[in-house]
Amino acid sequence: MSLEKDIESFVKSVGLELYDISVVREGEDTIYRVSVISNDIQNERKRSVSLDECVNLTHLISPLLDVTPPLSGDYRLEVGSPGIERKVGTLKQFEMSVGEKVSFVLKSKEKIKGTVLRVEDSKIIVDAEGEEIIVDFSQIVKAKTYFEW
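Following my numbering, the numbering of the sequence shown begins with 1410 at its first residue and continues without gaps.
Keep in mind the hints are simulated off the structure, nothing from the lab.
Quantities reported herein were computed from a predicted structural model and do not represent experimental measurements.
Don't be surprised by glycine CBs; every beta carbon is placed ideally from N, CA and C.
Just so you know, not all the hints are guaranteed correct.
As the list claims (entries may be wrong) - The calculated lysine-lysine pairs, modelled on DSBU-like cross-linking and capped at a C-alpha distance of 35 Å, are:
#1 1551 - 1510
#2 1518 - 1553
#3 1522 - 1553
#4 1496 - 1510
#5 1553 - 1496
#6 1551 - 1520
#7 1501 - 1553
#8 1516 - 1553
#9 1501 - 1532
#10 1414 - 1501
#11 1516 - 1551
#12 1496 - 1551
#13 1532 - 1553
#14 1551 - 1532
#15 1551 - 1421
#16 1414 - 1516
#17 1522 - 1496
#18 1532 - 1414
#19 1496 - 1518
#20 1501 - 1421
#21 1414 - 1551
#22 1520 - 1501
#23 1496 - 1532
#24 1414 - 1522
#25 1510 - 1532
#26 1532 - 1518
#27 1520 - 1532
#28 1510 - 1520
#29 1510 - 1553
#30 1522 - 1532
#31 1501 - 1522
#32 1553 - 1421
#33 1522 - 1551
#34 1421 - 1496
#35 1496 - 1414
#36 1520 - 1496
Claimed, not checked - Derived DEER-like restraints, expressed as beta-carbon distance ranges:
#37 1496 - 1415: 35 to 43 Å
#38 1414 - 1498: 31 to 39 Å
#39 1439 - 1529: 17 to 25 Å
#40 1522 - 1469: 35 to 43 Å
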């Protein structure tokens, strides 16, 4: 099993979903960031991830990284929520974003904003101001969720 699959199984074991794993540099620090979300499948709604859940997950993942380091050199493990406004870069992340508002930039430079209705194969179906638009994943240059105040 790969390190990402092992981490994903720990995440699922505590009732959360793996959203993303990334390596970021902040100043002189290297951070191995594990982002998780929570879906309340029974109520079909998302809920926030608690600090206690992140701490618990950190305690589960940390020993794994001691045995199988994800990077060479020093790094810091950070487990948390990707936030209400976050990048959406994979089909799986689009599936996790159903019901949320997403803004897209397409290869054609066209910008689209709307609510993700569903994902079918490589197509993302979006409600943009009452109009159903189908966006092919391969045409997306950049996408992120957004919150309307």
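Okay, the hints, checked on the actual structure:
A threshold of 35 Å between alpha carbons decides the hint, and for residue 1551 with residue 1510 the separation of about 14 Å falls inside it, so the pair holds. With a CA separation close to 15 Å, the supplied pair residue 1518 and residue 1553 stays within the 35 Å bound. Distance check on the hinted pair: residue 1522 and residue 1553 sit about 10 Å apart at the alpha-carbon level, within 35 Å; holds. Between residue 1496 and residue 1510 the alpha-carbon distance is near 12 Å, which keeps this suggested pair within the 35 Å criterion.
Of the pairs offered as hints, the one joining residue 1553 and residue 1496 holds, with about 4 Å between alpha carbons and a cut-off of 35 Å not exceeded. Note on residue 1551 and residue 1520: the hinted pairing holds, with a Cα-Cα distance of about 10 Å set against a maximum of 35 Å. A threshold of 35 Å between alpha carbons decides the hint, and for residue 1501 with residue 1553 the separation of about 14 Å falls inside it, so the pair holds. Pair hint residue 1516 plus residue 1553 holds up; C-alpha atoms about 15 Å apart against a cutoff of 35 Å.
For the given pair, residue 1501 sits about 12 Å from residue 1532 by alpha-carbon distance, which is consistent with the 35 Å threshold. In summary, the hint linking residue 1414 to residue 1501 is supported, as the alpha carbons are separated by about 14 Å, within the 35 Å threshold. This hinted pair checks out: residue 1516 and residue 1551 have alpha carbons roughly 9 Å apart, not beyond 35 Å. For the proposed pair residue 1496 and residue 1551, the alpha carbon gap of about 8 Å is at most 35 Å, so the pair holds.
Among the hinted pairs, residue 1532 with residue 1553 is consistent with the structure: their alpha-carbon atoms are about 16 Å apart, no more than 35 Å. For the hint pairing residue 1551 with residue 1532, the CA-to-CA distance comes to about 15 Å; that is within 35 Å, so the pair holds. Simply put, residue 1551 and residue 1421 have alpha-carbon atoms about 28 Å apart, close enough for the 35 Å limit, and the pair holds. Between the alpha carbons of residue 1414 and residue 1516 the distance comes to roughly 31 Å, so the proposed pair stays at or under 35 Å and holds.
Restraint check for residue 1522 and residue 1496: satisfied, since their Cα atoms lie roughly 14 Å apart, inside the 35 Å limit. Under the criterion of a C-alpha separation no larger than 35 Å, the hint pairing residue 1532 with residue 1414 is consistent with the structure, at around 25 Å. For the hint linking residue 1496 to residue 1518, the alpha-carbon distance of about 18 Å falls within 35 Å, and the restraint holds. About 15 Å separates the Cα atoms of residue 1501 and residue 1421, which keeps this hinted pair within 35 Å; it holds.
This hinted pair checks out: residue 1414 and residue 1551 have alpha carbons roughly 26 Å apart, not beyond 35 Å. Annotation: proposed proximity of residue 1520 to residue 1501 holds, straight-line Cα distance about 21 Å (limit 35 Å). About 18 Å separates the Cα atoms of residue 1496 and residue 1532, which keeps this hinted pair within 35 Å; it holds. Of the pairs offered as hints, the one joining residue 1414 and residue 1522 holds, with about 32 Å between alpha carbons and a cut-off of 35 Å not exceeded.
Distance check on the hinted pair: residue 1510 and residue 1532 sit about 16 Å apart at the alpha-carbon level, within 35 Å; holds. Our distance criterion of 35 Å between C-alpha atoms is met by residue 1532 and residue 1518, whose separation comes to about 18 Å. The straight-line distance between the Cα atoms of residue 1520 and residue 1532 is roughly 16 Å, inside the 35 Å bound, and the hint therefore holds. A threshold of 35 Å between alpha carbons decides the hint, and for residue 1510 with residue 1520 the separation of about 13 Å falls inside it, so the pair holds.
At most 35 Å may separate the alpha-carbon atoms for a hinted pair to count; residue 1510 and residue 1553 meet this at roughly 8 Å. A hinted pair counts as satisfied when its Cα atoms are at most 35 Å apart, and residue 1522 with residue 1532 qualifies at roughly 15 Å. Taken as a hint, the residue 1501 and residue 1522 pair is honoured in the structure, with Cα atoms around 19 Å apart against an allowance of 35 Å. The hinted pair formed by residue 1553 and residue 1421 meets the criterion: a straight-line CA distance of about 24 Å does not exceed 35 Å.
With a C-alpha separation of about 12 Å, the suggested pairing of residue 1522 with residue 1551 holds against the 35 Å cut-off. The straight-line distance between the Cα atoms of residue 1421 and residue 1496 is roughly 21 Å, inside the 35 Å bound, and the hint therefore holds. Proposed proximity of residue 1496 and residue 1414 is supported: the alpha carbons are some 21 Å apart, at most 35 Å. Between residue 1520 and residue 1496 the CA atoms are separated by roughly 15 Å; this keeps the pair inside 35 Å, and the hint holds.
The hinted window of 35 to 43 Å between residue 1496 and residue 1415 is violated, with their beta carbons roughly 24 Å apart. The hinted window of 31 to 39 Å between residue 1414 and residue 1498 is violated, with their beta carbons roughly 19 Å apart. A hinted range of 17 to 25 Å is violated for the C-beta pair residue 1439 and residue 1529, which are about 38 Å apart. One distance hint, 35 to 43 Å for the beta-carbon pair residue 1522 and residue 1469, holds here, with the actual separation near 37 Å.
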